[in-house]
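One line per chain: the protein sequences are A and B, in this order. If you read the first sequence in this note's numbering, its first letter stands for residue 10, the second for the next number, and so on. If you read the second sequence in this note's numbering, its first letter stands for residue 14, the second for the next number, and so on.
It should be emphasised that the hints constitute simulated quantities derived from the structure, not laboratory data. Heads up, the beta-carbon is just placed ideally off N, CA and C, and yes, glycines get one too. Some clues are possibly wrong.
[Stated by the list, open to error] Just the calculated beta-carbon pair ranges, DEER-fashion:
no.	chain 1	residue 1	chain 2	residue 2	range
1	A	R92	B	S258	42 to 48 Å
2	A	L98	B	S162	35 to 41 Å
3	A	I132	B	D155	43 to 49 Å
4	A	Y160	B	P199	41 to 47 Å
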Amino acid sequence: MDYLIHLAILVGIYSILAISLNLVVGYTGLLSITQAAFYGIGAYATAILLTTTGVNFFVSVLLGIVITAVVSLAIGYILSKFRGDYYALGSFGFNIIVFSIFLNWQSLTRGPLGIPGIPRPEIFGFTFSENIHFLLLTAVFAIVIFLLAQYITRSSFGRVLQAIREDEKVTQVFGYNTIFFKLTIFVIGACMASVAGSLFASYITYVDPSSFTLAESIFILSVIVLGGLADNTGAVCGAIFLILLPEILRFVGFPTDVAAQLRQATYGLILILLMLYRPQGLMGKYKI
Amino acid sequence: MKKEFALTVNKMAKHFDGVHALDDLSLEFPTGEIIGLVGPNGSGKSTLVNVLTGIVNFDEGYLTVDGSKKIKKIQAYEIADYGITRTFQDSRLFEQMTVLDNILVVITKRGVISSLFETHKDFHLAHAYKILERVGLIEKKDELAHDLSYGQRKLLEIGRALAMKNGTGEHAEIFLLDEPFAGLFPEMRKVVSEIILEMKQAGHTVLLIEHSMEIIRDLCDYLFVLDSGQLLAEGEPDAVLARKSVVEAYLGE
Numbered sequence: 010m011d012y013l014i015h016l017a018i019l020v021g022i023y024s025i026l027a028i029s030l031n032l033v034v035g036y037t038g039l040l041s042i043t044q045a046a047f048y049g050i051g052a053y054a055t056a057i058l059l060t061t062t063g064v065n066f067f068v069s070v071l072l073g074i075v076i077t078a079v080v081s082l083a084i085g086y087i088l089s090k091f092r093g094d095y096y097a098l099g100s101f102g103f104n105i106i107v108f109s110i111f112l113n114w115q116s117l118t119r120g121p122l123g124i125p126g127i128p129r130p131e132i133f134g135f136t137f138s139e140n141i142h143f144l145l146l147t148a149v150f151a152i153v154i155f156l157l158a159q160y161i162t163r164s165s166f167g168r169v170l171q172a173i174r175e176d177e178k179v180t181q182v183f184g185y186n187t188i189f190f191k192l193t194i195f196v197i198g199a200c201m202a203s204v205a206g207s208l209f210a211s212y213i214t215y216v217d218p219s220s221f222t223l224a225e226s227i228f229i230l231s232v233i234v235l236g237g238l239a240d241n242t243g244a245v246c247g248a249i250f251l252i253l254l255p256e257i258l259r260f261v262g263f264p265t266d267v268a269a270q271l272r273q274a275t276y277g278l279i280l281i282l283l284m285l286y287r288p289q290g291l292m293g294k295y296k297i
Numbered sequence: 014m015k016k017e018f019a020l021t022v023n024k025m026a027k028h029f030d031g032v033h034a035l036d037d038l039s040l041e042f043p044t045g046e047i048i049g050l051v052g053p054n055g056s057g058k059s060t061l062v063n064v065l066t067g068i069v070n071f072d073e074g075y076l077t078v079d080g081s082k083k084i085k086k087i088q089a090y091e092i093a094d095y096g097i098t099r100t101f102q103d104s105r106l107f108e109q110m111t112v113l114d115n116i117l118v119v120i121t122k123r124g125v126i127s128s129l130f131e132t133h134k135d136f137h138l139a140h141a142y143k144i145l146e147r148v149g150l151i152e153k154k155d156e157l158a159h160d161l162s163y164g165q166r167k168l169l170e171i172g173r174a175l176a177m178k179n180g181t182g183e184h185a186e187i188f189l190l191d192e193p194f195a196g197l198f199p200e201m202r203k204v205v206s207e208i209i210l211e212m213k214q215a216g217h218t219v220l221l222i223e224h225s226m227e228i229i230r231d232l233c234d235y236l237f238v239l240d241s242g243q244l245l246a247e248g249e250p251d252a253v254l255a256r257k258s259v260v261e262a263y264l265g266e
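Hey, can you work out the whole structure from these sequences and the hints?
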């Protein structure tokens, strides 16, 4: 049972990450592959604040959002100079830079040693130390972020994001100074990822740089491509699917001596088949 | 108070790798008229519309809009404030959005914050439905623009330009239509020419790029003929089209 709760918490955290990136990639068409950097900033903000200053978890979430907003505004501004494939490559670079900072700013992050002993969230004397309680907390955050994403994407603002994705120049011709729209959604997406990071740090009670690599950003991108771009429910479905699929494969009954390898290969094969036969993803309305 | 000229182009030049797409071109668009723009392929018609709408920058010269001061550089996102709206020769719709959303996106508020907290949804929807009725696409409203036929795409582009609410309302509105009739069936042509005439009746200025001389004679009050980025002739359509140099420019195409 605890195993299922653990998976559900991960699904919640990855749902937040997927929703956040989907706003940027799926709706606005900015192929950003640096979401793990913002996820990491949130995680480290909570880790450092909780272990050194002892502020409340929820305060650390807010401070993480503020730091992420500033950093993502700068990164988003520089990335706004890039187009298409170059945007993706530029965003790679920022993920690597932020990862290097986590790894090398040892006085702050303890580098590869990581930060252990992060306490669980506490509010009005109640501590979310039981996983089932932490799951409820994660669910509340995930639902709030899902509803926020639904509001944004259904607003006039959300429609403009899609227009930018379809044809930025034409969107400008109709009076939109598109750079502000792109920056706004980039920062909103980054802040949501930061919240996921805070939850992750407090749940695992330990952070180190290895959780926030480029590979993690690519994984988040896979989640939304599989779940379906430009659909918030799709992002959640993608998270459920990609977190649970490797776990389900544990119960398939591969011969024990090659089980791990077969699981990996089957996992890869399923992803390839899915993309081949359903390129718009599980729920998606839009193909890259 | 509307000025005599809705838009003026002054000594404008645009070079592409040594080719003079626009060569020291000066034009004055009379306010409230339908102005034809003709010329052989490559004469600079689409380039003119592109530099006027910030799609490409021009190298030299300036423009004025409704008696404004000299505009030496214009960004695509600024043209709406000057009251300029355009269509594209090859329809550039928001492909993976619905027909309705293609219209709504040009009606709603243009600021980041104001669009995020937009409150006039029903009002905008009513306006969009009216536009879609006008161009005969109301039954297609929930289909993706991508799935429309060629003619329907052209009509949606016209509808999108028509739906546009420009600037502050102080300016005369200017519509730059790049071959809106090309490839349309007769009944669709009729809708488009009616819409253009309605634009004129509303006091707007229309620039119409068109290859059919019949349409030019029917609709236009004034005509510019471009050749190699220069103004070859201008004036009343019938008189201009009768000129020998104009006929030669076309036959020599």
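### Task
Could you tell me which of the numbered hints above are not met by this structure, giving the numbers in increasing order?
none
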